[in-house]
Amino acid sequence: MTLIHIVLFKFRSDVSEEHRKTFVTELKKLKTLSCVKAGRLIVGGPSVTDPIERSKGFQIALVSYHENQAALAEYQASQEHHWVTSTYMFPYKEDLVRFDFEVDPEDEYMCQFPLMV
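Taken in order, the sequence shown gives residues 4 to 120; the numbers are from this note's numbering.
Don't read these hints as lab results, they were simulated from the structure. Keep in mind that a hint or two might mislead.
Stated by the list, open to error - Below, a list of computed lysine-lysine pairs in the DSS-like style, where the Cα atoms sit at most 25 Å apart:
(1) 32 with 96
(2) 13 with 34
(3) 31 with 13
(4) 13 with 59
(5) 59 with 40
(6) 96 with 24
(7) 34 with 96
On a predicted model such as this, the values are computed, not experimentally measured, just so you know.
All chains should be modelled from the sequences, with the hints used to inform the complete structure.
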C-alpha cells in the first residue's frame, strides 16, 4: 500500500523570501528519512495556478509517499520533522492544509516507478 501526504503552506506576509527558501531547503532533507517511501518527497512553489487566486495564497506545497499510516506517523513524530516545522513553519505560518490518502489498490502500480538518481 502507499499513503500520500500533501501539505500546503501559507506564511504570514511579514515572513521573508529568504526564510521561505530556507524552509524549503530543510523540508527537502526529510526525504532521507526511512519512513519516506523510496525517498519520494517533493517540495515546490510558488504556485503557477492561473488565475493565482485559486491557490488561496498558499506559497509552498509538499507531497510525500509513505508505505502506510504507521510510516506516516513515524514521519510526523520524527525529530527531524519536528525540528523543521517548529523552527521554520509553526511560528511563521498564516495557514496550513494537510490531506493524506491511501492509494487505491488498482492505482498502486503508478507508485512503483523507478527512481532516476
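Q) For this structure, which hints from the list above don't hold up? A) Hint 5 alone not satisfied by this model.
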